[in-house]
Amino acid sequence: MGAAVPRRTRRTRQDPEYLFLAALMNRNGDRPYSGNTLRNLLTDLAVRLDVRDSTGALVDFNRTHRFRHTVATRLLNTGVPLHVLQRYLGHLTPTMSMTYAQTLQSTAEAEFLRFRKITADGRELEVDSRDLYDMLELDRRTDRILPNGYCLLPPRQVCGKGNACLTCDKFATDATFLPELQTQLARTTQLITERRATFEARTGHPMGEDNIWLAGRHQERDALGRIILTLGHTRLADGTAGAIRGAGVEARTEAITGKEDNH
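The numbering of the sequence shown is my numbering, which starts it at -11 and goes up by one.
Among these hints, one or two may not hold up.
[Unchecked claim] Label pairs and their computed distance ranges (CB to CB):
1) R15 <-> M86: 40 to 46 Å
2) G148 <-> D41: 47 to 53 Å
3) D18 <-> T58: 25 to 31 Å
4) K158 <-> R40: 41 to 47 Å
5) E168 <-> G23: 44 to 50 Å
The hints are simulated quantities; they were obtained by calculation from the structure and are not laboratory data.
Quick caveat: nothing in here was measured; it's all calculated off a predicted structure.
Here a beta-carbon is modelled for each residue, glycine too, at the ideal position from N, C-alpha and C.
The whole structure should be built from the sequences, with the hints applied where relevant.
Okay, structure coming up:
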(Lines of atoms letter the chains of each structure in order from A and count residues from 1; the text may use other names and numbers.)
(Lines give C-alpha, C1' and ligand atoms only; values in the text may rest on other atoms or scores of the structure.)
Protein backbone atom coordinates (compact mmCIF):
# COMPACT_ATOMS: atom_id res chain seq x y z
CA MET A 1 0.00 0.00 0.00
CA GLY A 2 2.81 2.40 0.91
CA ALA A 3 4.54 1.72 -2.41
CA ALA A 4 1.33 2.30 -4.35
CA VAL A 5 0.78 5.79 -2.98
CA PRO A 6 3.93 7.35 -4.55
CA ARG A 7 3.16 5.70 -7.90
CA ARG A 8 -0.35 7.10 -7.84
CA THR A 9 0.93 10.52 -6.76
CA ARG A 10 3.31 10.61 -9.72
CA ARG A 11 0.41 9.92 -12.08
CA THR A 12 -1.65 12.77 -10.58
CA ARG A 13 -1.40 16.24 -12.10
CA GLN A 14 0.25 18.92 -9.99
CA ASP A 15 -2.87 21.09 -10.13
CA PRO A 16 -5.84 18.72 -10.51
CA GLU A 17 -9.18 20.29 -11.33
CA TYR A 18 -11.05 18.13 -8.82
CA LEU A 19 -10.53 17.63 -5.10
CA PHE A 20 -11.45 13.92 -4.96
CA LEU A 21 -9.86 11.91 -7.77
CA ALA A 22 -11.03 8.43 -8.72
CA ALA A 23 -8.85 5.58 -7.47
CA LEU A 24 -9.74 3.23 -10.36
CA MET A 25 -9.81 3.66 -14.14
CA ASN A 26 -8.04 6.99 -13.84
CA ARG A 27 -4.86 6.49 -15.81
CA ASN A 28 -4.13 10.19 -16.28
CA GLY A 29 -5.05 11.15 -12.72
CA ASP A 30 -7.61 13.76 -13.79
CA ARG A 31 -10.97 12.01 -13.41
CA PRO A 32 -13.11 12.59 -10.29
CA TYR A 33 -15.20 10.08 -8.41
CA SER A 34 -18.64 9.48 -9.86
CA GLY A 35 -21.49 11.10 -7.98
CA ASN A 36 -22.77 7.78 -6.63
CA THR A 37 -19.33 6.63 -5.49
CA LEU A 38 -18.62 9.90 -3.72
CA ARG A 39 -22.00 9.90 -1.96
CA ASN A 40 -21.53 6.30 -0.83
CA LEU A 41 -18.09 7.08 0.56
CA LEU A 42 -19.34 10.18 2.37
CA THR A 43 -22.32 8.29 3.78
CA ASP A 44 -19.97 5.61 5.10
CA LEU A 45 -17.82 8.38 6.60
CA ALA A 46 -20.88 9.87 8.34
CA VAL A 47 -21.70 6.47 9.87
CA ARG A 48 -18.14 5.80 11.00
CA LEU A 49 -17.65 9.25 12.54
CA ASP A 50 -21.28 9.60 13.67
CA VAL A 51 -21.75 12.93 11.85
CA ARG A 52 -25.20 14.27 12.76
CA ASP A 53 -27.21 17.40 12.02
CA SER A 54 -28.96 19.74 14.46
CA THR A 55 -31.91 17.32 14.78
CA GLY A 56 -29.68 14.38 15.73
CA ALA A 57 -30.11 12.53 12.42
CA LEU A 58 -27.17 11.25 10.41
CA VAL A 59 -26.14 13.78 7.77
CA ASP A 60 -27.65 12.87 4.40
CA PHE A 61 -24.88 13.32 1.84
CA ASN A 62 -27.38 12.79 -0.98
CA ARG A 63 -28.31 16.42 -0.34
CA THR A 64 -24.85 17.96 -0.33
CA HIS A 65 -26.11 21.20 -1.90
CA ARG A 66 -27.45 22.25 1.49
CA PHE A 67 -23.86 22.69 2.63
CA ARG A 68 -23.46 25.39 -0.03
CA HIS A 69 -26.76 26.90 1.11
CA THR A 70 -25.60 26.99 4.74
CA VAL A 71 -22.27 28.58 3.85
CA ALA A 72 -23.88 31.12 1.50
CA THR A 73 -26.51 32.30 3.98
CA ARG A 74 -23.94 32.43 6.79
CA LEU A 75 -21.61 34.59 4.68
CA LEU A 76 -24.46 36.92 3.70
CA ASN A 77 -25.56 37.15 7.33
CA THR A 78 -22.07 38.35 8.32
CA GLY A 79 -22.12 41.08 5.66
CA VAL A 80 -20.04 39.52 2.86
CA PRO A 81 -20.71 41.51 -0.38
CA LEU A 82 -22.72 39.76 -3.07
CA HIS A 83 -19.93 39.90 -5.67
CA VAL A 84 -17.55 38.17 -3.22
CA LEU A 85 -20.13 35.43 -2.59
CA GLN A 86 -20.59 35.04 -6.35
CA ARG A 87 -16.89 34.48 -6.88
CA TYR A 88 -16.63 32.18 -3.84
CA LEU A 89 -19.45 29.91 -5.06
CA GLY A 90 -18.36 30.03 -8.70
CA HIS A 91 -21.65 31.49 -9.92
CA LEU A 92 -21.68 32.82 -13.47
CA THR A 93 -24.16 35.62 -12.73
CA PRO A 94 -25.22 37.64 -9.66
CA THR A 95 -28.75 36.31 -10.17
CA MET A 96 -27.67 32.87 -8.99
CA SER A 97 -26.16 34.32 -5.82
CA MET A 98 -29.23 36.50 -5.19
CA THR A 99 -31.24 33.30 -4.61
CA TYR A 100 -29.49 32.87 -1.26
CA ALA A 101 -29.95 36.54 -0.37
CA GLN A 102 -33.69 36.32 -1.07
CA THR A 103 -34.00 33.14 0.99
CA LEU A 104 -32.21 34.78 3.92
CA GLN A 105 -34.37 37.89 3.64
CA SER A 106 -37.65 35.98 3.54
CA THR A 107 -36.63 33.85 6.54
CA ALA A 108 -35.68 36.92 8.57
CA GLU A 109 -38.95 38.67 7.70
CA ALA A 110 -41.07 35.63 8.57
CA GLU A 111 -39.33 35.29 11.95
CA PHE A 112 -39.82 39.01 12.67
CA LEU A 113 -43.54 38.85 11.82
CA ARG A 114 -44.13 35.85 14.11
CA PHE A 115 -43.92 37.99 17.24
CA ARG A 116 -46.45 40.62 18.28
CA LYS A 117 -44.95 44.00 19.13
CA ILE A 118 -45.71 45.59 22.53
CA THR A 119 -45.33 49.28 23.45
CA ALA A 120 -43.70 50.63 26.62
CA ASP A 121 -47.07 50.79 28.40
CA GLY A 122 -47.91 47.17 27.60
CA ARG A 123 -50.31 47.79 24.71
CA GLU A 124 -50.10 46.00 21.37
CA LEU A 125 -48.42 48.21 18.78
CA GLU A 126 -50.92 49.65 16.30
CA VAL A 127 -48.37 49.89 13.47
CA ASP A 128 -48.58 46.96 11.05
CA SER A 129 -45.64 44.60 11.64
CA ARG A 130 -44.86 44.52 7.91
CA ASP A 131 -44.62 48.31 7.80
CA LEU A 132 -42.40 48.24 10.89
CA TYR A 133 -40.13 45.62 9.31
CA ASP A 134 -39.86 47.64 6.10
CA MET A 135 -39.01 50.77 8.07
CA LEU A 136 -36.26 49.03 10.03
CA GLU A 137 -34.84 47.42 6.91
CA LEU A 138 -34.85 50.62 4.88
CA ASP A 139 -33.37 52.62 7.70
CA ARG A 140 -30.61 50.15 8.61
CA ARG A 141 -29.42 52.37 11.46
CA THR A 142 -27.82 50.63 14.40
CA ASP A 143 -29.62 52.87 16.91
CA ARG A 144 -32.97 51.45 15.75
CA ILE A 145 -32.30 48.01 17.22
CA LEU A 146 -32.10 48.25 21.00
CA PRO A 147 -30.99 45.56 23.46
CA ASN A 148 -34.59 45.17 24.63
CA GLY A 149 -36.68 46.23 21.62
CA TYR A 150 -36.98 48.68 18.73
CA CYS A 151 -36.91 52.46 18.38
CA LEU A 152 -39.71 53.79 16.14
CA LEU A 153 -38.49 57.39 16.06
CA PRO A 154 -38.62 58.75 12.48
CA PRO A 155 -35.13 58.85 10.89
CA ARG A 156 -34.95 62.65 10.64
CA GLN A 157 -35.91 63.27 14.27
CA VAL A 158 -33.41 63.46 17.12
CA CYS A 159 -33.99 61.45 20.30
CA GLY A 160 -34.42 63.64 23.37
CA LYS A 161 -35.04 60.78 25.81
CA GLY A 162 -31.46 59.68 26.31
CA ASN A 163 -31.63 56.14 27.70
CA ALA A 164 -35.22 56.46 28.95
CA CYS A 165 -36.61 54.12 26.28
CA LEU A 166 -38.98 52.34 28.67
CA THR A 167 -40.96 55.55 29.24
CA CYS A 168 -40.95 56.58 25.56
CA ASP A 169 -43.95 56.22 23.25
CA LYS A 170 -41.59 55.40 20.35
CA PHE A 171 -40.43 52.18 22.02
CA ALA A 172 -41.70 48.75 20.97
CA THR A 173 -40.65 45.21 21.82
CA ASP A 174 -41.72 41.58 21.44
CA ALA A 175 -41.20 38.14 22.98
CA THR A 176 -37.79 37.67 21.37
CA PHE A 177 -36.46 40.24 23.86
CA LEU A 178 -38.12 38.66 26.91
CA PRO A 179 -34.91 37.25 28.47
CA GLU A 180 -33.23 40.67 28.27
CA LEU A 181 -36.35 42.39 29.66
CA GLN A 182 -36.47 39.98 32.61
CA THR A 183 -32.76 40.51 33.27
CA GLN A 184 -33.25 44.27 33.09
CA LEU A 185 -36.13 44.08 35.57
CA ALA A 186 -34.00 42.09 38.02
CA ARG A 187 -31.11 44.55 37.65
CA THR A 188 -33.38 47.55 38.13
CA THR A 189 -35.03 46.05 41.22
CA GLN A 190 -31.64 45.21 42.72
CA LEU A 191 -30.31 48.68 41.92
CA ILE A 192 -33.27 50.32 43.67
CA THR A 193 -32.76 48.17 46.77
CA GLU A 194 -29.01 48.82 46.93
CA ARG A 195 -29.28 52.55 46.28
CA ARG A 196 -32.00 53.03 48.91
CA ALA A 197 -29.96 51.08 51.47
CA THR A 198 -26.88 53.19 50.71
CA PHE A 199 -28.90 56.40 50.97
CA GLU A 200 -30.37 55.41 54.33
CA ALA A 201 -26.97 54.37 55.70
CA ARG A 202 -25.48 57.71 54.68
CA THR A 203 -28.31 60.06 55.70
CA GLY A 204 -29.98 58.15 58.52
CA HIS A 205 -33.44 58.25 56.94
CA PRO A 206 -35.13 56.42 54.03
CA MET A 207 -35.05 57.77 50.49
CA GLY A 208 -38.35 59.55 49.89
CA GLU A 209 -40.75 58.54 47.15
CA ASP A 210 -40.44 62.07 45.75
CA ASN A 211 -36.73 61.51 45.02
CA ILE A 212 -36.24 62.19 41.30
CA TRP A 213 -33.85 59.28 40.78
CA LEU A 214 -36.14 56.85 42.62
CA ALA A 215 -39.22 58.03 40.73
CA GLY A 216 -37.45 57.43 37.42
CA ARG A 217 -36.38 53.92 38.42
CA HIS A 218 -39.90 53.12 39.61
CA GLN A 219 -41.25 54.19 36.21
CA GLU A 220 -38.76 51.90 34.47
CA ARG A 221 -39.53 48.99 36.79
CA ASP A 222 -43.28 49.41 36.38
CA ALA A 223 -42.93 49.64 32.59
CA LEU A 224 -40.87 46.45 32.55
CA GLY A 225 -43.45 44.73 34.72
CA ARG A 226 -46.30 45.70 32.38
CA ILE A 227 -44.37 44.63 29.29
CA ILE A 228 -43.32 41.26 30.73
CA LEU A 229 -46.83 40.58 32.04
CA THR A 230 -48.35 41.43 28.65
CA LEU A 231 -45.84 39.28 26.77
CA GLY A 232 -46.65 36.42 29.12
CA HIS A 233 -50.26 36.50 27.90
CA THR A 234 -49.55 37.39 24.28
CA ARG A 235 -49.70 34.87 21.48
CA LEU A 236 -47.62 35.00 18.34
CA ALA A 237 -49.03 36.43 15.15
CA ASP A 238 -49.69 32.89 13.88
CA GLY A 239 -51.83 32.10 16.96
CA THR A 240 -49.35 29.82 18.72
CA ALA A 241 -48.22 30.37 22.29
CA GLY A 242 -45.90 33.32 22.80
CA ALA A 243 -43.35 33.97 25.49
CA ILE A 244 -42.84 31.52 28.34
CA ARG A 245 -43.29 32.90 31.83
CA GLY A 246 -40.53 32.65 34.35
CA ALA A 247 -41.10 30.56 37.47
CA GLY A 248 -43.65 32.10 39.82
CA VAL A 249 -44.57 35.05 37.62
CA GLU A 250 -48.22 34.12 37.19
CA ALA A 251 -48.76 33.58 40.90
CA ARG A 252 -46.84 36.67 42.02
CA THR A 253 -47.67 39.45 39.58
CA GLU A 254 -47.60 41.94 42.42
CA ALA A 255 -43.86 41.33 42.71
CA ILE A 256 -43.49 42.76 39.24
CA THR A 257 -45.87 45.69 39.19
CA GLY A 258 -46.32 46.57 42.85
CA LYS A 259 -44.48 49.31 44.69
CA GLU A 260 -41.63 48.38 47.00
CA ASP A 261 -42.10 48.71 50.71
CA ASN A 262 -39.94 51.34 52.38
CA HIS A 263 -37.17 49.93 54.59
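Hints versus structure:
no., hint, verdict
1, R15 <-> M86: 40 to 46 Å, "42 Å, holds"
2, G148 <-> D41: 47 to 53 Å, "49 Å, holds"
3, D18 <-> T58: 25 to 31 Å, "30 Å, holds"
4, K158 <-> R40: 41 to 47 Å, "46 Å, holds"
5, E168 <-> G23: 44 to 50 Å, "47 Å, holds"
Violated hints for the displayed structure: none, as all numbered hints are satisfied.
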